[in-house]
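Just so you know, the protein sequences line up as chains Y and D, in that order. For what it's worth, the working numbering labels the leading residue of the first sequence as 1, then goes sequentially. For what it's worth, the working numbering labels the leading residue of the second sequence as 1, then goes sequentially.
Just so you know, not all the hints are guaranteed correct.
[Stated by the list, open to error] Here are the computed distance ranges between Cβ atoms for each label pair:
1) Y:Arg194 x D:Ala23: 15 to 23 Å
2) Y:Arg234 x D:Ala27: 24 to 32 Å
3) D:Asp80 x Y:Phe205: 48 to 56 Å
4) D:Val24 x Y:Pro278: 19 to 27 Å
5) D:Thr59 x Y:Thr212: 48 to 56 Å
6) D:Thr59 x Y:Asp24: 20 to 28 Å
Quick caveat, the hints were computed from the structure, so don't treat them as lab data. For every residue, glycine included, the Cβ atom is placed at its ideal position computed from N, Cα and C.
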Amino acid sequence: MLAASEFSDEEGRVRALERYGVLDTVAEVPFEKIVALVQQVLNVPMCAVSLVDRHRQWFKAKRGLEACETARDVSFCTHTIKTPEPLIVRDATEDPRFAQNPLVVGPPFIRAYAGIPLRTPDGYNIGSLCAIDTKPRDFPETQIAVLDSFAKLVVEELELRQIASSDHLSGALSRRAFTEQAANEAERARRYGRPLSLAVLDIDFFKKVNDTWGHAAGDVAIKRIAETAMAAMRGSDALGRIGGEEFALLMPETTADNARLFAERLRATIEALDIDAPPKFRVTVSIGVAEFDGDAEKIEETLARADRALYAAKNAGRNRVAVAETAKANAA
Amino acid sequence: MSQIAADLAAQTIAPLVPARMPAVLTASILQHERNLTTLATALLNDGCDESTVAASLATMFESYRKQLTAVLVRLKEDADAGGI
Numbered sequence: 001m002l003a004a005s006e007f008s009d010e011e012g013r014v015r016a017l018e019r020y021g022v023l024d025t026v027a028e029v030p031f032e033k034i035v036a037l038v039q040q041v042l043n044v045p046m047c048a049v050s051l052v053d054r055h056r057q058w059f060k061a062k063r064g065l066e067a068c069e070t071a072r073d074v075s076f077c078t079h080t081i082k083t084p085e086p087l088i089v090r091d092a093t094e095d096p097r098f099a100q101n102p103l104v105v106g107p108p109f110i111r112a113y114a115g116i117p118l119r120t121p122d123g124y125n126i127g128s129l130c131a132i133d134t135k136p137r138d139f140p141e142t143q144i145a146v147l148d149s150f151a152k153l154v155v156e157e158l159e160l161r162q163i164a165s166s167d168h169l170s171g172a173l174s175r176r177a178f179t180e181q182a183a184n185e186a187e188r189a190r191r192y193g194r195p196l197s198l199a200v201l202d203i204d205f206f207k208k209v210n211d212t213w214g215h216a217a218g219d220v221a222i223k224r225i226a227e228t229a230m231a232a233m234r235g236s237d238a239l240g241r242i243g244g245e246e247f248a249l250l251m252p253e254t255t256a257d258n259a260r261l262f263a264e265r266l267r268a269t270i271e272a273l274d275i276d277a278p279p280k281f282r283v284t285v286s287i288g289v290a291e292f293d294g295d296a297e298k299i300e301e302t303l304a305r306a307d308r309a310l311y312a313a314k315n316a317g318r319n320r321v322a323v324a325e326t327a328k329a330n331a332a
Numbered sequence: 001m002s003q004i005a006a007d008l009a010a011q012t013i014a015p016l017v018p019a020r021m022p023a024v025l026t027a028s029i030l031q032h033e034r035n036l037t038t039l040a041t042a043l044l045n046d047g048c049d050e051s052t053v054a055a056s057l058a059t060m061f062e063s064y065r066k067q068l069t070a071v072l073v074r075l076k077e078d079a080d081a082g083g084i
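This is chain Y alone, in the form it adopts within the complex:
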């Protein structure tokens, strides 16, 4: 049983959902097959894999529903994710929470609902697998067990995809997954004229860590630094391990000035971090920051500028942050 606080950690829940990178993606066969089987076995006209985002529920797969998403304030699944238990509504018109809901009094005229939370391995309910009827009905325990089994398969499918995009030591994105995400964010930043920054972080004297305390201690350092960076990041940021002891941080909606401030805070946090391998030791990091210029460069060039800024920080004595010159100044 999860503590009540884990259901009130909305920011952590949304971050957990965003980590799967599944929102607003195209329809995919595994999820379509699950909703088709649920519809058949439970004999319901409507069924969905609903992912509950910050302000909306979005359907990764659906049967019998027209909308691709709805606002959260009318969403049944918003109620489902608040507890670890299934939400069963025999007749929505007799339930004060839903009797006046526009999805009950208007299309698709929901009357009965059964939803199972989609719970991640770290305990966040990111959405719901739900079966919906337009007539009042009971959902016997045996059907709830079936729905629960399919909900586990939905989460398993999401987790399997994560394996391909994760670095298993640090939990950060793999280099390839990071590069793909950076390219997507760059396209978005270019299209909407929004700021986007990158930071490249490298552990100082990492060879000495390995030589002094062994490679297992080096691995612990990599893991702890990734954890520290991920705890400090916003949900929209992404961390990738792009080299042995090198990470890259993608920061949408962030100017170089703000990225530098964040990088400086992160650098100071890591400097003060006790890494208990054992033995207990500390490391420092150098960080290079660059802001993407959609008019002048590709995101790979931004990464290269951040990398050059990183080496400027290294050459200036390490344990510091350096900001790259702008793309236009760099080209001049």
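Given the coordinates of chain Y, assemble chain D onto it according to the supplied hints.
Only chain D this time, still in chain Y's reference frame:
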């Protein structure tokens, strides 16, 4: 967990058992077998006949196998590229 459910899940997943997998995927495969067993049990308890259960498990397994193959290919490409 009924023996029938466990047997159905084991038979469904059998093609993967001899394969040599990275450790991280072995854990996923074991989890998949547990989830299929749970699903088979739930479907049997709900009154589905064995052939329907076997067909449902086969459908779920086929999706999983395809995704697993895609993950394996991607992991191999990353490893070949010397990447992380």
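### Message
For a quick check of understanding: which of the numbered hints are violated here, in increasing order?
### Response
Violated: hints 1, 3.
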